[in-house]
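Chains as they are written, first to last, in my numbering: chain S, -19 to 303; chain L, -12 to 235.
These are computed hints drawn from the structure, not numbers from a lab.
From the three backbone atoms N, C-alpha and C, an ideal C-beta is built for every residue, glycine too.
Misleading hints may appear alongside valid ones.
Said to hold, decoys possible - Mimicking DSS-like on lysine-lysine, the simulated pairs with C-alpha atoms at most 30 angstroms apart in a straight line are:
1) K177(S) to K233(L)
2) K125(S) to K194(S)
3) K(-6)(S) to K33(S)
4) K131(L) to K173(S)
5) K11(L) to K302(S)
6) K194(S) to K236(S)
7) K33(S) to K67(S)
8) K125(S) to K226(L)
9) K299(S) to K226(L)
10) K112(S) to K11(L)
11) K236(S) to K11(L)
12) K269(S) to K149(L)
13) K177(S) to K194(S)
14) K269(S) to K302(S)
15) K149(L) to K(-6)(S)
16) K183(L) to K269(S)
17) K194(S) to K212(L)
18) K(-4)(S) to K149(L)
19) K183(L) to K39(L)
20) K138(L) to K173(S)
21) K92(L) to K(-6)(S)
22) K210(L) to K194(S)
23) K125(S) to K173(S)
24) K73(L) to K271(S)
25) K177(S) to K149(L)
26) K210(L) to K293(S)
27) K19(L) to K73(L)
28) K183(L) to K173(S)
29) K149(L) to K293(S)
30) K300(S) to K55(L)
31) K125(S) to K16(L)
32) K3(L) to K39(L)
33) K138(L) to K112(S)
34) K177(S) to K16(L)
35) K39(L) to K194(S)
36) K12(S) to K33(S)
37) K19(L) to K165(S)
Unchecked claim - Here are a few chain S residues that face chain L, going by a calculated C-beta distance under 7 angstroms:
38) R(-3)
39) A124
40) E161
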Amino acid sequence: MKKILVYLEPLENKLKRVSYELITAARQISEKTSATVSGIAFNGTKEALETAKEFGLQHTYLIDAPLFASYSASLFSKAIAELIRSKEFDLILFPAHTYGFELAGRVSANLDAAYVSDCIALDISNGDLIVKKPVYAGKSHITAKLNGNIKICSLRPNVFTATSSPVAEIQIEKFEPNVSEADRKECVVNVMKNEGKLDVLEADIVVSGGRGIKGPEYYHLIESLAALLGGAVGSSRAVVDAGWRPHSEQVGQTGKTVSPTLYVACGISGAIQHLAGMSSSKYILAINKDKDAPIFKVADYGIVGDLFNVIPKLIEEIKKYKE
Amino acid sequence: MNILVGISRVPDTATKIIIGADGKSIDEKGVKFIINPYDEFALEEGLRLKEKYGGTVVTITVGPEASKEVIRSALAMGADRAVLIKTEGFFDSFFAAKNIANYAKQFNPEIIFFGRQSVDFDSLMVPAMVAEFLGLPSITIVSKLTIDGTKVVAERDVVGGKEIVETTLPCVISAQKGLNEPRYPKLPDILKAKNKPIEEITPEQLEPKVEILGMEIPLRARKNKIVGDSDQEIAEIVKLLHEDAKVI
């Protein structure tokens, strides 16, 4: 490993949190291999890129042209592949989310490079890059080795902790890839943000409801608790399949896999598919009236009781700390 | 319209994973294998396109001989024929994508559907890789799709919301849950599927890019402090969340 490239995502005057996590992971690999680390960003402000100094990034490429104002998997990946080829990067880190999965997949096919997605740990052992990745929705983990000259990993958000290691300066270098409008094979024509709603994938705290909530009209209980904790609202598959809640909230094997600091499961019994999607959470609080529910086996804290009684009391107690 | 649909064989989502004797894969004894759930949405979408525009739906699978059982289920749903790129043991996504792309070059599909991910290795890699190998546009994790002539409009999930993406045929689409309601095959369809052809193809052999060194069941020690629902007990849990977990 000589040169590491990290995909950075500017968001207003900062970078997305996962970008800082990627920088930290790259820095840790560079400490073991003395590889250099650079970033690559499309259309970020100077102010946004400067925030990477806090995490030790000293150099980044910036592709800054109107052509890149909106995302396209084929266009962006072509530009990144050209940068990797011309500057001879040998390890590239992407975030494991919709865009990152597409870009990493395309770049690996383009460069004939080894790629492992959704990694939760990276290490160097005898000069080899060894990664850990959840499989079967996290029911097991594999350890794998990447072969070949160029290696690509996408890293699961919220797993690698961004740690501060400030440097005085970051050099921002413009890169002009040899691409044109013809390389944009897909066009994003509209973006609908879930306004004011935190995504379960991004949240530090997730409060989920299951069948125990009895009906969509009672979901305000889940929402109030989530709002009080500053967390996102999640749902079990049963609740989504019943049409009570949107699929974007589903946590579990055919939904999203989350690893927040705190996961609160309300009225969720803990089917194996659900456990797979949340068992890497740092702390788990379960509320269920069945003391034998499987969810309690994976919980740090559990309250056996009817959620219609427990949640209001919980809210009252938590408010005491919030005040 | 030529429609290609990727189908993979995965353990039922209810499977309890036990590590096999080699320490690198799962013990398949007693494991029920099914069509990857996301692939059912992919296939259903392909079948609906055929019903609307006419054409041929071909499924493609990379995997062992035993994959034929799930391929038969795909044929029973209504695919015209199937291709099996036969390989035993572990293969990486690059191998799968390269071999699917090789077949697509002969078949020339107008559209290629995959599930958003296979629920075994959960890699979300193959759709974008196949698109890149073929020089095609791709839209992944699609929950709504409209095709009009060669114009493709898709709604897809991104972190924090949705976006509308446009492209043109030919293209690669990966299906998210909710794209449609997959059909259940009826008995006559199941019988008919028995006579549909499954073409076996020998894969192009590639140096493995990824080697599995080991597999483990993650163990996380939990505090397991379970209490009743009295005011006092709930207060105690909140105190622990504050002092111990430091999340409040």
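Hint-by-hint comparison with the structure:
Restraint check: the Cα-Cα separation between K177(S) and K233(L) comes to about 24 angstroms, which is no more than 30 angstroms; the hinted pair holds. A C-alpha spacing of about 47 angstroms is found between K125(S) and K194(S), which places the hinted pair above 30 angstroms, so the restraint is violated. The hinted pair formed by K(-6)(S) and K33(S) meets the criterion: a straight-line CA distance of about 11 angstroms does not exceed 30 angstroms. With a C-alpha separation of about 16 angstroms, the suggested pairing of K131(L) with K173(S) holds against the 30 angstroms cut-off.
Between the alpha carbons of K11(L) and K302(S) the distance comes to roughly 47 angstroms, so the proposed pair goes past 30 angstroms and is violated. Pair hint K194(S) plus K236(S) holds up; C-alpha atoms about 22 angstroms apart against a cutoff of 30 angstroms. Taking the CA atoms of K33(S) and K67(S), the gap is near 22 angstroms; set against the 30 angstroms cutoff, the hint holds. Distance check on the hinted pair: K125(S) and K226(L) sit about 44 angstroms apart at the alpha-carbon level, beyond 30 angstroms; violated.
Annotation: proposed proximity of K299(S) to K226(L) holds, straight-line Cα distance about 12 angstroms (limit 30 angstroms). Taking the CA atoms of K112(S) and K11(L), the gap is near 13 angstroms; set against the 30 angstroms cutoff, the hint holds. Of the supplied pair hints, the one linking K236(S) and K11(L) holds, its CA atoms being roughly 25 angstroms apart against a limit of 30 angstroms. For the hint linking K269(S) to K149(L), the alpha-carbon distance of about 36 angstroms lies beyond 30 angstroms, and the restraint is violated.
Restraint check for K177(S) and K194(S): the C-alpha separation of about 23 angstroms stays at or below 30 angstroms, so the hint holds. Proximity of K269(S) to K302(S) is assessed by CA-CA distance (about 27 angstroms); at most 30 angstroms being required, the pair is judged to hold. At most 30 angstroms may separate the alpha-carbon atoms for a hinted pair to count; K149(L) and K(-6)(S) meet this at roughly 22 angstroms. The hinted pair formed by K183(L) and K269(S) fails the criterion: a straight-line CA distance of about 51 angstroms is larger than 30 angstroms.
Proposed proximity of K194(S) and K212(L) is supported: the alpha carbons are some 26 angstroms apart, at most 30 angstroms. For the given pair, K(-4)(S) sits about 18 angstroms from K149(L) by alpha-carbon distance, which is consistent with the 30 angstroms threshold. The straight-line distance between the Cα atoms of K183(L) and K39(L) is roughly 22 angstroms, inside the 30 angstroms bound, and the hint therefore holds. Of the supplied pair hints, the one linking K138(L) and K173(S) holds, its CA atoms being roughly 24 angstroms apart against a limit of 30 angstroms.
For the hint pairing K92(L) with K(-6)(S), the CA-to-CA distance comes to about 43 angstroms; that exceeds 30 angstroms, so the pair is violated. Of the supplied pair hints, the one linking K210(L) and K194(S) holds, its CA atoms being roughly 29 angstroms apart against a limit of 30 angstroms. This hinted pair does not check out: K125(S) and K173(S) have alpha carbons roughly 38 angstroms apart, beyond 30 angstroms. The suggested pairing of K73(L) with K271(S) is violated, with an alpha-carbon distance near 48 angstroms, which exceeds 30 angstroms.
Proposed proximity of K177(S) and K149(L) is supported: the alpha carbons are some 12 angstroms apart, at most 30 angstroms. Restraint check for K210(L) and K293(S): satisfied, since their Cα atoms lie roughly 22 angstroms apart, inside the 30 angstroms limit. Pair hint K19(L) plus K73(L) holds up; C-alpha atoms about 20 angstroms apart against a cutoff of 30 angstroms. With a C-alpha separation of about 45 angstroms, the suggested pairing of K183(L) with K173(S) is violated against the 30 angstroms cut-off.
Our distance criterion of 30 angstroms between C-alpha atoms is broken by K149(L) and K293(S), whose separation comes to about 35 angstroms. Distance restraint check for K300(S) and K55(L): the Cα-Cα separation of roughly 60 angstroms exceeds the 30 angstroms cut-off, and the hinted pair is therefore not satisfied. Taking the CA atoms of K125(S) and K16(L), the gap is about 27 angstroms. The hint holds against a cut of 30 angstroms. About 41 angstroms separates the Cα atoms of K3(L) and K39(L), which puts this hinted pair outside 30 angstroms; it is violated.
For the hint pairing K138(L) with K112(S), the CA-to-CA distance comes to about 40 angstroms; that exceeds 30 angstroms, so the pair is violated. As the CA atoms of K177(S) and K16(L) are separated by approximately 44 angstroms, the hinted pair breaks the 30 angstroms bound. Among the hinted pairs, K39(L) with K194(S) is inconsistent with the structure: their alpha-carbon atoms are about 40 angstroms apart, more than 30 angstroms. The suggested pairing of K12(S) with K33(S) holds, with an alpha-carbon distance near 20 angstroms, which does not exceed 30 angstroms.
Distance hint between K19(L) and K165(S) is unfulfilled; the C-alpha atoms sit about 40 angstroms from each other, more than 30 angstroms. With its C-beta approaching chain L no nearer than about 11 angstroms, R(-3)(S) sits outside the 7 angstroms limit, and its interface hint is violated. At about 5 angstroms, the closest approach between the beta carbon of A124(S) and any beta carbon in chain L falls short of 7 angstroms, and the interface hint on this residue holds. Against a cut-off of 7 angstroms between C-beta atoms, the interface hint on E161(S) is violated, since the closest Cβ of chain L lies about 14 angstroms away.
The earlier numbered hints that this structure contradicts are 2, 5, 8, 12, 16, 21, 23, 24, 28, 29, 30, 32, 33, 34, 35, 37, 38 and 40.
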